[in-house]
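Trainee: Please build the complete structure, drawing on both the sequences and the hints.
Residue numbers (our numbering): 4 to 627.
I should point out that these hints are in silico values taken from the structure, not numbers from a laboratory.
Glycine residues also receive a C-beta, built at the ideal position from the N, C-alpha and C atoms.
Do not rely on the hints blindly, as some may be mistaken.
As the list claims (entries may be wrong) - Below 35 Å or equal to it, Euclidean Cα-Cα: the simulated DSBU-like pairs (lysine-lysine) are:
1. Lys94 - Lys76
2. Lys48 - Lys94
3. Lys76 - Lys297
4. Lys11 - Lys148
Unchecked claim - Cβ pair distances, simulated, as ranges:
5. Val105 - Gly239: 48 to 54 Å
6. Pro617 - Arg328: 43 to 49 Å
7. Pro601 - Asp467: 34 to 40 Å
8. Glu576 - Asn246: 53 to 59 Å
9. Asp401 - Gln529: 39 to 45 Å
10. Glu477 - Gly432: 21 to 27 Å
11. Gly432 - Glu503: 27 to 33 Å
12. Glu78 - Arg328: 51 to 57 Å
13. Arg93 - Val46: 36 to 42 Å
14. Leu62 - Val28: 17 to 23 Å
15. Ala106 - Asp467: 53 to 59 Å
16. Lys48 - Gly224: 46 to 52 Å
17. Val357 - Asn544: 17 to 23 Å
18. Asp253 - Ser86: 55 to 61 Å
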Amino acid sequence: MNLFAELKRRNVIRVGIAYVVIAWVVAQVAELALDSFEAPAWVMKSVLLLMALGLPFALFFAWAFELTPEGIKKEEEVDRSQSITPQTGRKLDFLIIGVLSVALAWFAWDKFYVGHDAAAPAANGETAALEADIALPDGDEVADKSVAVLPFVAMSSGEDDEYFADGLTEEILNALAQLPELLVTARTSAFSFKGQELPVQEIAKALRVKHVVEGSVRRSGERLRVTAQLIRADDGFHLWSENYDSTSGDAIAVQEDIAEKIARALDIFLDKEKRRAMRSAGLRDVVAFTEFQKGLDLYNRAHGEIDLFEGLVRANQHLERVIARAPDFSMAYILHSDLFIHLLDSEAYGSTEVPPGMPDADAAYDAAIADYQAAVRHASSDAQRSDAEFNFAFVSGDWRGLMGRLERALQFDNCNLGNWMGNFSVLFGYTEAYAKRMKRVLACDPRRSLIWFNAARTAFWSGDLDEALRLAQEGSAVAPGNWLSAFLAQIFIAKGDFEEATRVIENRIQVASRQLVFKALIASQQRDRERFEALVKEHENVAGTTVWSLPMQAWGGNREAANRLAARIDAKEFSHFTLVVTAVQCACGAPWDIEATPRFAAKISEAGLPWPPPSPLQHPFKDW
4 MNLFAELKRR NVIRVGIAYV VIAWVVAQVA ELALDSFEAP AWVMKSVLLL
54 MALGLPFALF FAWAFELTPE GIKKEEEVDR SQSITPQTGR KLDFLIIGVL
104 SVALAWFAWD KFYVGHDAAA PAANGETAAL EADIALPDGD EVADKSVAVL
154 PFVAMSSGED DEYFADGLTE EILNALAQLP ELLVTARTSA FSFKGQELPV
204 QEIAKALRVK HVVEGSVRRS GERLRVTAQL IRADDGFHLW SENYDSTSGD
254 AIAVQEDIAE KIARALDIFL DKEKRRAMRS AGLRDVVAFT EFQKGLDLYN
304 RAHGEIDLFE GLVRANQHLE RVIARAPDFS MAYILHSDLF IHLLDSEAYG
354 STEVPPGMPD ADAAYDAAIA DYQAAVRHAS SDAQRSDAEF NFAFVSGDWR
404 GLMGRLERAL QFDNCNLGNW MGNFSVLFGY TEAYAKRMKR VLACDPRRSL
454 IWFNAARTAF WSGDLDEALR LAQEGSAVAP GNWLSAFLAQ IFIAKGDFEE
504 ATRVIENRIQ VASRQLVFKA LIASQQRDRE RFEALVKEHE NVAGTTVWSL
554 PMQAWGGNRE AANRLAARID AKEFSHFTLV VTAVQCACGA PWDIEATPRF
604 AAKISEAGLP WPPPSPLQHP FKDW
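Mentor: What follows is the structure, encoded as structure tokens:
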């Protein structure tokens, strides 16, 4: 208590408070000024370090010295009966109150006024659906503030130069995507024009944007030359262009400068929150974003071009290098989990397609859970975190409160497909909310087949077959894919157009076993029992047990066989996931009796989910 009294008498406590308050105000002014001058980040860090180092010196000075009418003296030399520390303390009180008033006024101005004439972002650059700043286009209309960042051309031929150029492009794209008032075409669609020398107007029309960013990258050793230009698509006018001569190590600073200057050229107000969101959006590591491009390329090719498991194993080798260098990059964990999800799903329905040397079910489950935990922990925005939390709960099997997680995720109006969210949404009655998400995702990524598939499937499950057909046909024209082709056939079957469905099956579905599945569906709809049973048998001979085996038994009304297959799946650790996917594939209400799957029934009860699900397609042989 004597020490505290002495600290108080010597005004040490008041000096400390005054120093902290004044330092805070100085830091705010410095940040604003340095942002205006576009000073590098290390300058602000240096200012903060100097202020922090100054605090102990200020406290020591207040303890050891005293201000007197004759000037500053050592405290031990001052006669306490002549000390004016009480008067000095009152002056310090007034100073603290005055500076606090300035600080509060600054806080109120910064919080409630700055940038409110422009569309200020919500947490981490995301906007909720009810407060979306972008007017999404309908039909052939195009949002005024919309841009596609085309892949920068690699002008040198080093081993990793093309991946480096792709990575630089994606960093720019990710930064611009943090601006809520700007519609930015997603990577898949923008990169679909890679290597194609098409007019800017044609590309902009296909991507439904008003502006296009083009550029090139040339590396020679550590030397880096980047050119970039922002083009107004209507007339080809260059709104902004610049050349950068730098080093590979400065690529992040170049990317940040390009993104911010593009935003300004599009007349977007950048406050400090938006700049912070833009600068935290990407990897900020040259080696990491090069490795990520390699992993992403293999991940995409694994879903249609090369063997699924081989492609995902190779993709994960690169993704693990990304995680080692950038452990807070959420997207790397999400992509990395896909191998383990497919392993678990294949193991649950007894597939023989899994190659040797893969992790067993327990190891795959642990790996998938670890990836999703990391994806949640390192999510860069509220929307990304909500999506990751839903998918983590769904995949892990902890379904308590799962509907609430889904509702929170769906309220964000972002460009994320939602990973496994589509299956759950259509099966359990969230088609309207998910269709709204799909409208935004299609605006961002109009040349990705999987998104058209999800949009068409959502319309199908909501009962709007005409809209489902429109989406599937339009998507097939601009972004053809195996899943979309198969679903187009299913829509024609639902509409009773078996001739057109057969044409799609024979001309567009490349996998022989998948052709047999949809030919069997046609036979069941035509009540041709003999042909149906023959096709089911042929599918079994060609492919063995697949994810389609249980739906085909349900289509044929083979209740006992369907229950037997469902019970076998239910005994596996990952049954909750596989049975949801199976029920969506079937589109037949309850493909099995819920009593046959007690573990799955417990999950349904735990989450308070409705069962049986709706049946968007009627099946003549099925009587339950």
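Trainee: Is 51 to 57 Å respected by the C-beta to C-beta distance linking glutamate 78 and arginine 328?
Mentor: holds (53 Å)
Trainee: That 55 to 61 Å hint for aspartate 253 and serine 86 (C-beta), does it hold up?
Mentor: 57 Å Cβ-Cβ, so the 55 to 61 Å window holds.
Trainee: Okay, proline 617 versus arginine 328 on CB: inside 43 to 49 Å?
Mentor: holds (47 Å)
Trainee: Please work out if lysine 94 and lysine 76 have their alpha carbons no farther apart than 35 Å.
Mentor: Holds, because 18 Å separates the two Cα atoms, which is no more than 35 Å.
Trainee: Are glycine 432 and glutamate 503 spaced within 27 to 33 Å by their CB atoms?
Mentor: With a Cβ separation near 30 Å, glycine 432 and glutamate 503 satisfy 27 to 33 Å, so the hint holds.
Trainee: Could one say that the CB atoms of valine 105 and glycine 239 fall in the range 48 to 54 Å?
Mentor: Holds, at about 50 Å.
Trainee: Is lysine 76 within 35 Å of lysine 297, Cα to Cα?
Mentor: violated (67 Å)
Trainee: Falls inside 53 to 59 Å, the C-beta gap from glutamate 576 to asparagine 246?
Mentor: With a Cβ separation near 56 Å, glutamate 576 and asparagine 246 satisfy 53 to 59 Å, so the hint holds.
Trainee: Would you check the hint for lysine 48 and lysine 94, treating anything up to 35 Å between C-alpha atoms as holding?
Mentor: holds (31 Å)
Trainee: For lysine 11 and lysine 148, compute the direct alpha-carbon distance and say whether it is at most 35 Å.
Mentor: violated (58 Å)
Trainee: Do the beta carbons of valine 357 and asparagine 544 sit within 17 to 23 Å of each other?
Mentor: Once the Cβ atoms are compared, 20 Å apart, the range 17 to 23 Å for asparagine 544 and valine 357 holds.
Trainee: CB of aspartate 401 to CB of glutamine 529, is that within 39 to 45 Å?
Mentor: Given range 39 to 45 Å: holds, Cβ gap about 43 Å.
Checked against the numbered hints above, the structure violates hints 3, 4 and 16; every other hint is satisfied.
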